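Student: Letter by letter, the chains look like this.
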Amino acid sequence: MAGNFTCREIAQLVTDYLEGSLTFSERVRFQLHLGLCFACRNYLRQMKYTITTLRQLPVEPVPPHVKEELLQRFRAWKRKSSESAGNPEAD
Amino acid sequence: MDWYSGSLLRLAMSYVPSRAVAEEVVQETWMGVLEGIHRFEGRSSFKTWLFRILTNRAKTRGIRESRYEAFGLSASSTGADEGSSLEDSLFVAEGSGKGHWVDPPQAWEPDTPERVLLSKECRSVIENAIERLPGTQRQVMTLRDIEGVSSEEVCNILEISETNQRVLLHRARTKVRRELALYIQENKT
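Chains as they are written, first to last, in the numbering used here: chain V, 4 to 94; chain U, -8 to 180.
These are computed hints drawn from the structure, not numbers from a lab.
Don't take each hint at face value.
Stated by the list, open to error - Here are the computed lysine-lysine pairs in the DSS-like style, where the Cα-Cα straight-line distance is at most 30 Å:
(1) V/Lys51 <-> U/Lys89
(2) U/Lys89 <-> V/Lys70
(3) U/Lys38 <-> V/Lys70
(4) U/Lys38 <-> U/Lys50
(5) V/Lys70 <-> V/Lys81
(6) U/Lys111 <-> U/Lys179
Remember, it's a predicted structure, so these values are computed and weren't measured experimentally.
Construct all of the structure, not just a fragment, from the sequences and the given hints.
Tutor: See the structure below:
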């Protein structure tokens, strides 16, 4: 049988495993190791937890002055484009 | 616009050295959107298109701010030499225990009180860890794990190969998990 993975190899392959890019044989050996190794099971859980937490990170709040400036620029752009289109209904 | 700007700001900050510059990049991105919206063909999702405009603006800006070399131009930003040394240090290098954990990972959830895992401090540990990542690792992690962009779209946006993207993601996750593990260990009572 192709060699069993060491814990180090499991840590190196964990992202490939989660991405689904291991070969069939690698995946089998990966899961076999996990079945026998409590530490690596914990490691995988920790990794999954880390990823879940990342997904839940709060969005950076947009500072109000940035928003205000953006709106001003948008209005200016809108005015410009309706003027050039000869549209009397600017803004 | 509000909803996206936060995401854009986060991504911009992985390219340029300061928040102030990042805010300008976000502004330029929105202008680029307005100017280019008629060209958007819907071949990719709007979000992907938006991120692509941002990365173009941010890269140009990053080059102009090039005195801050660590942020995207030097070798360290490719994460080429990072990552493997961290993993190596976690495992026994020689002898009969070779390849085994030096310090076997513990279970987090049953033993660690929820107040630690869900705390603001915990989140800022993660945010800090992300900020310290080399540029491209940070970009991949931001797009994949925070923004939930697909790996195919990330490869398009960042113009990198699938394999490269996976390596960068792996290194970023390895580091961030490590920071989180250290924090949890210190706060387990």
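Student: Take the hints in turn and mark each one as holding or not.
Tutor: So, going through the hints one by one against the coordinates:
1. V/Lys51 <-> U/Lys89: Answer holds: V/Lys51 to U/Lys89 is near 26 Å, not above 30 Å.
2. U/Lys89 <-> V/Lys70: 55 Å, violated
3. U/Lys38 <-> V/Lys70: With a Cα-Cα distance of about 19 Å, the restraint between U/Lys38 and V/Lys70 holds, given a limit of 30 Å.
4. U/Lys38 <-> U/Lys50: Measuring from Cα to Cα gives roughly 18 Å; hence the hint holds.
5. V/Lys70 <-> V/Lys81: 16 Å, holds
6. U/Lys111 <-> U/Lys179: 16 Å, holds
Checked against the numbered hints given earlier, the structure breaks only hint 2 and satisfies all the rest.
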